[in-house]
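Asks: Chains as they are written, first to last, in the working numbering: chain C, 86 to 225; chain H, 33 to 168.
Among the clues, some could well be false.
[What the hints assert, rightly or not] Computed, partial: chain C to chain H, Cβ under 10 Å:
1. His89
2. Thr91
3. Arg93
4. Tyr94
5. Val139
6. Ala142
7. Leu149
In short, the hints are calculated from the structure, not lab data.
Every residue, glycine too, gets a C-beta built ideally from N, C-alpha and C.
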Amino acid sequence: MKAHLTRRYRFSASHRLHSPEMSADENRGTYGKCNNPHGHGHNYALEVTVSGPVDPATGMVCNLVDLDGFVEREVLSRFHVTNLNMLQEFAKLVPTTENLSIEIFEILQRGFLLAHLERVRLEETMMNSFEYAGGNEPRR
Amino acid sequence: MVYLTRKAEFAASHYYHNPDFTPEENRRIFGKCNNPNGHGHNYTLEVTVKGEVDPRSGFVVDLKQLKEVMHHEVLDAMDHRFLNKEVPEFFTRIPTTENLAIAVWQRLQTKLQKAQLHRVRVYETPDLFVDFYGEQ
Ligand SMILES: [Zn+2]
Chain C
86 MKAHLTRRYR
96 FSASHRLHSP
106 EMSADENRGT
116 YGKCNNPHGH
126 GHNYALEVTV
136 SGPVDPATGM
146 VCNLVDLDGF
156 VEREVLSRFH
166 VTNLNMLQEF
176 AKLVPTTENL
186 SIEIFEILQR
196 GFLLAHLERV
206 RLEETMMNSF
216 EYAGGNEPRR
Chain H
33 MVYLTRKAEF
43 AASHYYHNPD
53 FTPEENRRIF
63 GKCNNPNGHG
73 HNYTLEVTVK
83 GEVDPRSGFV
93 VDLKQLKEVM
103 HHEVLDAMDH
113 RFLNKEVPEF
123 FTRIPTTENL
133 AIAVWQRLQT
143 KLQKAQLHRV
153 RVYETPDLFV
163 DFYGEQ
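Just chain H, same shape as in the assembly:
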């Protein structure tokens, strides 16, 4: 089994708010991230796929295809967007780094052909990242 990781970057804004909480609870739990005008991050995405090396091509996965799927499914939808208002997953879910990693996984999983998704890692900043390995 060989593991292959492809990186990408995107910039997006978000804010954290749960309509079921009172304004005080929202401020207490989410702090500064509760500001409804949002704030932004430069996210770094790392997608790791795994598989056996194809004896003919020498590839685990066609990197061009992986790159295209990441572009179509993730970057086109999220780069330079306000996540809460423009990305359907976050109309109902809070766009935390955790939920972002899950959303990226779900978007990629059905679209990848040969490669098996192993891990999605999303860096919100160089000092904070989330790994998602699928539903376990």
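For reference, chain C alone in the conformation it holds in the complex:
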């Protein structure tokens, strides 16, 4: 029987939203305060949802120790307390939370093979959250 398991994580990072393809005015117009050259930070909350048949021997979709270990190693340690703009992932990509959600989804999809990745949900603040399910509609 198939179940969906969601785990919530937290990390903090700074970013500046700025596109080299736009003029200074256009950047200010598009990104507002987020265009401040010195950047600013957020406490992000990340939700990772995986699915799969519940293994009758363990009662689990996948072992949480494996999921937590992967996310810690490949996501949290990569992004926690960093300036996202300095990372190679965002050398050419504006580090909006949209792009960060897609980036995290792809890291998980490439490397976490112990369950099916359903979606990633990223809260930038208590007011904004973003979901990405690899092009599928996130399940309600």
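Position chain H with the ligand against the provided structure of chain C, taking the given hints into account.
Replies: The following block gives chain H with the ligand in isolation, referenced to the frame of chain C:
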């Protein structure tokens, strides 16, 4: 179609152990959760039903009835219980959050009258939850 969600909370203890595994395997796979004396959680349950709005009552489902079924079938059986020893499903199945969501679904499904069960969500902690949408 309108979706309606009702929440409930219960507290229960459990431990994870598969008698077919060796003690070493049990410890390796289940870690701290293998302690036979158990440990507890405050679970939060969210039950989502769906249906068309009845033109006379304006309801998808009689919330009072849903609440009663949740009480009878789930909370009376699981609240302040040791799941492994007191809830029959878990005499044979391991009381993980996954199996808990499945057990809640199975208990509710046959008892709900008009409403169609859409999703059972069980939070073991605010940072871990499982969704079950029925057998697919
Ligand atoms: Zn536990």
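Asks: Hint by hint, note whether the structure agrees.
Replies: The hints, checked one at a time:
1. His89: holds (4 Å)
2. Thr91: holds (5 Å)
3. Arg93: Nearest chain H Cβ about 4 Å off; hint holds.
4. Tyr94: Result: holds, 8 Å to nearest chain H Cβ.
5. Val139: Interface hint status for Val139 of chain C: holds (5 Å vs cutoff 10 Å).
6. Ala142: Cβ of Ala142 of chain C sits 6 Å from chain H, so the hint holds.
7. Leu149: Hint holds; Leu149 of chain C Cβ to chain H Cβ min 7 Å, cut 10 Å.
In this structure, every one of the numbered hints holds.
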